[in-house]
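Student: Use the sequences and the hints to build the structure in full.
These protein sequences, in sequence, are chains A, B, C and D. Under full-length UniProt numbering, the first residue of the first sequence is numbered 1, with each subsequent residue one higher. Under full-length UniProt numbering, the first residue of the second sequence is numbered 1, with each subsequent residue one higher. Under full-length UniProt numbering, the first residue of the third sequence is numbered 1, with each subsequent residue one higher. Under full-length UniProt numbering, the first residue of the fourth sequence is numbered 1, with each subsequent residue one higher.
It is possible that part of the hints are untrue.
Identical copies carry no separate label here, and so any pair may be met within one copy or between two of them.
[Said to hold, decoys possible] Calculated cross-link-like contacts (lysine-lysine; reagent style BS3-like; alpha-carbon spacing at most 27 Å): (1) LYS193 to LYS119; (2) LYS173 to LYS42; (3) LYS396 to LYS333; (4) LYS381 to LYS343; (5) LYS67 to LYS381; (6) LYS67 to LYS396.
Because the hints were derived from the structure by calculation, they are not lab data.
There are 4 protein chains.
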Amino acid sequence: MIPRYSRPDMVAIWEPESKFQIWFEIEAHATDALAELGVVPKEAAAAIWAKGKFDVERIDEIEREVKHDVIAFLTNVAENVGEEARFMHQGMTSSDVLDTCLAVQLTRATDILLDDMDKLLAAIKTRAYEHKLTPTIGRSHGIHGEPVTFGMKLAQAYAEFERNRERLVLARKEIATCAISGAVGTFANIDPKVEAHVAEKMGLETEPVSTQVIPRDRHAQYFATLAVIASSVERLAVEIRHLQRTEVLEAEEYFSPGQKGSSAMPHKRNPILTENLTGLARMVRSYALPAMENVALWHERDISHSSVERMIGPDATITLDFALARLTGVVEKLLIYPERMQKNLDRMGGLVHSQRVLLALTQAGISREDSYRIVQRNAMKVWESDGEVALLDLLKADADVTAKLSEEALEESFNLDYHFKHIDTIFTRVFGE
Amino acid sequence: MIPRYSRPDMVAIWEPESKFQIWFEIEAHATDALAELGVVPKEAAAAIWAKGKFDVERIDEIEREVKHDVIAFLTNVAENVGEEARFMHQGMTSSDVLDTCLAVQLTRATDILLDDMDKLLAAIKTRAYEHKLTPTIGRSHGIHGEPVTFGMKLAQAYAEFERNRERLVLARKEIATCAISGAVGTFANIDPKVEAHVAEKMGLETEPVSTQVIPRDRHAQYFATLAVIASSVERLAVEIRHLQRTEVLEAEEYFSPGQKGSSAMPHKRNPILTENLTGLARMVRSYALPAMENVALWHERDISHSSVERMIGPDATITLDFALARLTGVVEKLLIYPERMQKNLDRMGGLVHSQRVLLALTQAGISREDSYRIVQRNAMKVWESDGEVALLDLLKADADVTAKLSEEALEESFNLDYHFKHIDTIFTRVFGE
Amino acid sequence: MIPRYSRPDMVAIWEPESKFQIWFEIEAHATDALAELGVVPKEAAAAIWAKGKFDVERIDEIEREVKHDVIAFLTNVAENVGEEARFMHQGMTSSDVLDTCLAVQLTRATDILLDDMDKLLAAIKTRAYEHKLTPTIGRSHGIHGEPVTFGMKLAQAYAEFERNRERLVLARKEIATCAISGAVGTFANIDPKVEAHVAEKMGLETEPVSTQVIPRDRHAQYFATLAVIASSVERLAVEIRHLQRTEVLEAEEYFSPGQKGSSAMPHKRNPILTENLTGLARMVRSYALPAMENVALWHERDISHSSVERMIGPDATITLDFALARLTGVVEKLLIYPERMQKNLDRMGGLVHSQRVLLALTQAGISREDSYRIVQRNAMKVWESDGEVALLDLLKADADVTAKLSEEALEESFNLDYHFKHIDTIFTRVFGE
Amino acid sequence: MIPRYSRPDMVAIWEPESKFQIWFEIEAHATDALAELGVVPKEAAAAIWAKGKFDVERIDEIEREVKHDVIAFLTNVAENVGEEARFMHQGMTSSDVLDTCLAVQLTRATDILLDDMDKLLAAIKTRAYEHKLTPTIGRSHGIHGEPVTFGMKLAQAYAEFERNRERLVLARKEIATCAISGAVGTFANIDPKVEAHVAEKMGLETEPVSTQVIPRDRHAQYFATLAVIASSVERLAVEIRHLQRTEVLEAEEYFSPGQKGSSAMPHKRNPILTENLTGLARMVRSYALPAMENVALWHERDISHSSVERMIGPDATITLDFALARLTGVVEKLLIYPERMQKNLDRMGGLVHSQRVLLALTQAGISREDSYRIVQRNAMKVWESDGEVALLDLLKADADVTAKLSEEALEESFNLDYHFKHIDTIFTRVFGE
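Tutor: Structure, rendered in structure tokens:
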């Protein structure tokens with residue numbers, strides 16, 4: 001995590017203050033449940049809520065001596081609560097606190113990410129409808145294919161991020177579990193009712209079987225999902241970078257008045273936000289791997305996952321939060337140039353309509369192979385002229401074509417609207433309206 | 001994919017014969033729909049079903065010339081169907097066939113994996129109930145913790161693989177979509193009804209918006225899910241490897257009479273199957289990465305994903321299928337040694353009961369810190385004796401202990417059943433019965 | 001490994017026949033050394049060379065029974081050699097054979113890769129000199145920067161692959177070691193002189209300390225190096241894909257007469273070879289991970305690395321060999337369009353010269369900040385005209401400019417040769433001549 | 001980077017203060033060279049050295065407005081230097097400063113890592129000689145194999161880290177280059193002599209051909225090397241974790257008096273440092289991937305690598321520095337238990353000597369197959385007795401054995417020293433003395 005690529009709400013989740021506050025709530029709720037079960041005095045539970053507080057620096061100080069963070073925390077809370085603190089943490093193990101806390105942090109982080117996603121989806125949708133029928137060239141292999149609309153490009157992005165939103169909801173469920181099951185997870189020293197109570201209070205489900213730790217396949221699936229989402233961020237970022245290329249220039253990242261593109265070339269407007277997103281996506285993607293390597297803990301648990309999660313917990317969520325918000329800004333303010341799109345569409349001398357001509361010839365009774373050859377020989381001339389010669393003109397002069405297709409029929413093959421007749425269908429599929 | 005780690009049913013899905021058969025069905029169903037729409041003659045559709053066949057070698061031969069697999073396939077089919085073949089593939093693009101075919105192959109592969117998973121779950125469940133109350137030591141950090149049962153270990157594995165099964169069902173949905181949307185996905189030259197018809201016939205959903213290709217975030221999520229499952233395979237494999245260690249020897253992979261463990265040390269029984277599974281898990285995990293890098297295709301599509309999928313499509317599914325089946329066999333035939341488990345449980349002089357003593361002291365009114373110190377000073381003596389001195393004996397002779405706890409109370413702290421009182425709860429949570 | 005992306009010489013290295021031949025040579029050389037030491041009869045060593053042969057199918061048959069590949073091999077050889085075969089493999093362990101064989105296979109594979117690299121370097125160099133002074137626009141962020149030459153682009157690629165060649169030479173050294181150290185590597189039952197003899201005969205160094213296995217950090221470094229090389233393949237492939245974009249079209253992959261670009265759009269010439277290389281690069285990169293996870297074997301060895309290496313050994317080397325050869329072909333036959341490069345250079349109305357103007361103004365005594373503003377205000381007009389207005393004309397009409405720079409000085413700022421005055425220096429640095 | 005896993009010297013390299021100081025030196029040295037060439041006044045160069053200073057907060061403030069870090073820095077320096085600052089950065093581009101600065105930071109970081117490595121090597125060597133002849137069981141597959149010495153285990157680790165040290169020296173060379181080549185790297189506006197001067201002053205080599213950026217294959221190889229080193233850290237960490245298992249207990253991490261192993265189980269001494277190292281290794285390994293994905297920048301450069309490097313530059317070097325130092329501490333203070341090693345050696349009833357017996361029988365004229373069967377039938381009895389029955393006793397009572405081997409010869413087969421006769425050879429190979 002570095003400040004440049006961080007936003008405060010997400011950062012706050014991972015600060016020591018937040019972590020200890022969650023620890024405190026888990027311990028206090030657990031003591032409530034223990035009191036309800038008659039295991040500890042109700043006064044103790046009340047005292048913990050009433051007098052329980054902690055101080056991050058004091059905890060750090062104690063930890064330097066005892067080298068154990070949960071003991072340090074409990075010791076500090078006991079300094080404030082007094083005698084009744086001894087009823088806290090009864091039958092629990094450190095992991096009960098740590099893993100349940102991580103679940104709370106990750107669910108809160110995910111709620112922010114879901115909110116980010118909603119904003120991104122809203123931004124994409126707005127621009128998609130704005131440009132629902134703005135013609136632009138569709139490209140396969142970087143080569144002009146057939147016409148699409150700019151709105152359709154964005155509809156694709158919308159559908160992709162909606163899938164990602166659904167994946168994120170599922171990923172949230174994966175990690176939203178609470179384990180208060182004691183050493184090695186047998187509940188030997190703590191009633192499962194305590195777990196149920198804490199789970200409910202912290203907004204989590206109970207973990208069916210924990211072994212001191214919550215199983216890490218959950219976290220692996222979670223971080224893998226973030227990695228997939230990051231890959232989609234990369235896809236849209238790369239699309240914008242392509243569109244902003246000097247030769248293409250169909251869209252540009254918003255360029256604020258005070259901003260300088262380069263210390264050396266003042267005319268340059270570089271797609272630095274989307275390039276940055278490409279890099280950030282690489283980072284979020286990379287965090288999936290150590291999360292997967294964390295799954296195979298030894299026996300009931302080892303603690304090798306801990307250092308990994310101390311790093312990727314904040315790093316992955318903070319970076320993805322930042323990336324989604326940045327991408328939303330890019331989409332909202334994207335400068336879109338329909339005239340340039342039309343210019344690019346026209347620059348190939350009508351070659352993009354060759355598929356339609358091919359079909360028209362086939363339907364007029366020429367074999368697929370022959371049609372292909374006829375179109376190809378004319379298309380190659382256009383191609384070699386670098387768009388100076390128009391395909392329509394060549395076809396009108398090709399006897400094999402005119403033998404089968406009237407001038408009117410040929411011209412109809414070059415009508416853009418033909419390509420957009422199902423845009424409504426696609427929009428309905430994607431936006432449901 | 002290498003034969004040693006492959007099973008025939010999964011391999012068959014990825015053979016050229018299967019692929020071309022699926023291509024044929026997609027093309028033939030599409031022609032049916034086109035005929036229904038009146039775009040092509042019904043006779044043509046009928047002729048394709050009647051005379052349509054292909055020959056893998058002939059397709060390869062044609063492809064060497066035209067360097068395009070779908071054209072090669074269509075040409076070969078046309079050689080058999082004759083004149084009416086020109087109505088095939090109308091308005092479609094190669095990716096319509098390729099991507100829909102991949103969806104069919106991956107869903108079929110997933111069905112095998114789901115079946116593998118069911119068998120694995122059944123095997124784990126059987127062994128879990130067999131050893132529901134077999135005491136064994138729970139270990140954290142590789143160090144003896146508190147008692148668990150061997151059945152509980154397996155219940156954890158069951159719960160983990162049940163989650164994996166659910167993930168796999170979701171992953172199957174991710175990739176079970178059909179796209180027949182023509183060049184750049186606009187349906188300009190093909191009615192969306194064709195897609196709907198082919199989707200239904202091939203057991204898929206329609207892709208809401210494709211751009212010549214089905215978006216690759218779907219495949220990324222799919223292969224990431226396989227990678228998580230592989231990580232769980234690794235977890236159980238590593239557990240068994242640990243249990244088979246000479247010093248632990250609580251379980252062993254089945255050792256068949258003809259098998260030799262080592263060319264040099266005839267007494268050795270090595271956990272080679274689970275070691276092998278550990279390696280295979282690494283492979284399946286690694287395939288998630290290129291799948292994620294495939295997401296950011298250029299514009300409407302580029303073909304960089306294709307070579308990746310030609311490799312990881314078979315490699316990931318074949319390897320995971322083999323791994324799940326091998327793991328099932330290992331679990332079914334696992335040699336489990338309850339006596340040795342008990343011996344290991346006892347070898348620490350009762351140290352594993354120290355947590356219970358700690359709680360008993362706390363509940364008897366000694367502060368948590370003092371209780372900890374009392375238990376620790378006795379425990380350290382046991383530890384240093386390498387299990388020769390028994391903790392119970394030391395505690396009975398410790399005045400600070402006997403001042404608060406009767407001999408009976410102390411002995412109760414060493415009762416194993418105490419730890420297993422919630423095993424039923426856990427089994428009900430996991431197995432639902 | 002799939003045939004489509006494989007070349008026969010590299011495939012041959014990984015075939016069972018080759019592997020067993022290497023095993024035989026290792027065993028026979030070891031027996032020679034043992035005979036020399038007087039441990040076994042010289043006649044036995046001679047008999048092994050004279051009568052030693054093996055049959056792949058028979059070995060497979062035996063392995064199905066004994067489930068151990070080296071024992072199966074030895075048994076089969078013994079079937080041919082007879083009685084004296086019992087002197088073979090004395091004091092050795094299977095890993096001595098397996099790991100030394102892998103070293104031989106990887107060094108042979110690397111020799112092919114080095115040869116591939118030489119051919120690639122030669123191809124790049126030829127084209128670099130051909131276009132040493134062919135002007136083309138340099139692009140940062142996909143945006144026109146300042147002029148470069150096409151030869152300079154290729155010089156960069158040459159330097160990068162020369163570094164990769166050096167890395168590959170180092171990587172070859174990493175894995176070119178022989179271990180014949182017996183069980184757990186102590187040489188208890190075999191004299192280190194045997195290892196030295198086999199090493200020399202097989203073209204390897206002796207492994208200073210093996211522990212039954214050759215340590216896997218060697219292989220991790222090896223496969224990581226292949227992954228870096230693959231990333232460079234991707235870089236050059238991506239460059240060509242960019243150059244072939246419809247709007248750029250400064251270069252194209254060679255398009256053979258019989259080849260069809262698309263079943264639907266006959267005019268399309270898609271950069272499918274370089275797209276394919278992009279995908280293959282992802283695969284080779286992914287293999288580095290399991291190789292790194294293989295390092296932490298348990299104690300003296302476990303066999304988890306084996307399944308990984310059975311897969312990535314062939315897959316990584318075969319894929320990279322294919323990729324390097326394909327890239328070489330692409331470079332050799334690349335269609336390069338200098339006219340189009342010039343056209344692209346000109347299309348921005350001279351904006352690419354703005355940096356020179358900026359410097360000229362600064363050197364004429366205007367502050368850097370003021371110079372920047374002057375250039376920027378003119379550059380923005382050119383930019384907004386989409387290259388219709390020429391920067392030179394605007395500058396000639398800007399009083400703040402003409403107050404400091406003569407028309408001649410201004411025109412000099414637009415001279416392309418200015419940019420190429422150090423191309424010789426760069427070529428000398430890169431090609432050393 | 002998180003404070004818990006960071007050491008101050010390495011952290012300092014990555015602080016803004018250090019970065020800007022390096023930027024300043026690069027700019028000032030470049031101005032010196034420009035002055036020497038007569039491009040700028042010598043007084044300007046002198047003034048920059050004399051009055052040049054910067055303030056991190058002020059730079060941040062400016063950057064918030066201009067959104068460009070190098071311009072912000074230059075502006076702030078100019079605020080201090082005054083008029084003559086306009087001669088600074090002449091003909092240079094931001095990347096000249098940024099990339100050369102990164103080279104300086106990475107080389108300094110590598111110097112710390114090399115120092116870490118020296119300390120680790122020294123620690124391993126000391127302990128290796130201490131236990132050069134301490135017998136311990138060698139384990140393959142986690143199963144007892146044949147005897148080794150503890151010193152030999154450490155000699156292996158030493159050799160592995162010495163290889164890693166060499167790799168690190170090579171990796172340092174990879175990234176120790178300077179580029180001052182101006183926009184798109186043509187030296188159009190700056191003489192290559194400036195680059196040569198700055199390179200020499202900053203302790204770097206000149207980059208043969210840069211394209212505004214230093215090519216990222218260098219950094220990919222660098223971070224891949226760190227990833228391999230991390231994998232070796234993991235190997236040694238995992239070895240220690242295995243040795244500290246309750247059932248093995250041949251070594252333990254040092255346990256300080258104030259430290260508590262667990263809040264619940266006071267007797268536990270957990271290998272938390274090496275578990276932590278296992279997790280940190282996963283992190284360092286994961287950073288290799290985005291570094292490799294950074295290689296394929298678009299055309300002369302894009303800036304997607306930047307965010308990645310802002311993160312992994314510090315994260316990888318800080319984490320590896322911490323890990324190497326922690327591992328050194330673990331090795332230096334490792335509690336090693338020779339008695340327990342002997343006890344473990346003995347616990348298998350002498351099975352570990354079966355290979356020697358096998359050889360003795362073969363050498364006494366029994367066929368390999370028969371010898372194998374004889375040893376195996378006795379070994380299995382020992383195995384099944386869980387070490388209660390001694391192999392030597394059984395062999396003495398086996399007529400097939402005694403027919404060929406005298407009691408004395410048999411006993412000689414059980415002599416540990418036999419296994420250690422080449423330890424000197426191995427130590428000489430590894431430590432060269």
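Student: Run every hint past the structure and note whether it holds.
Tutor: Results for each hint:
| no. | hint | in the structure |
| --- | --- | --- |
| 1 | LYS193 to LYS119 | neither (39 Å within a copy, 33 Å between copies) |
| 2 | LYS173 to LYS42 | neither (33 Å within a copy, 50 Å between copies) |
| 3 | LYS396 to LYS333 | neither (44 Å within a copy, 35 Å between copies) |
| 4 | LYS381 to LYS343 | both (20 Å within a copy, 20 Å between copies) |
| 5 | LYS67 to LYS381 | between (77 Å within a copy, 22 Å between copies) |
| 6 | LYS67 to LYS396 | neither (85 Å within a copy, 31 Å between copies) |
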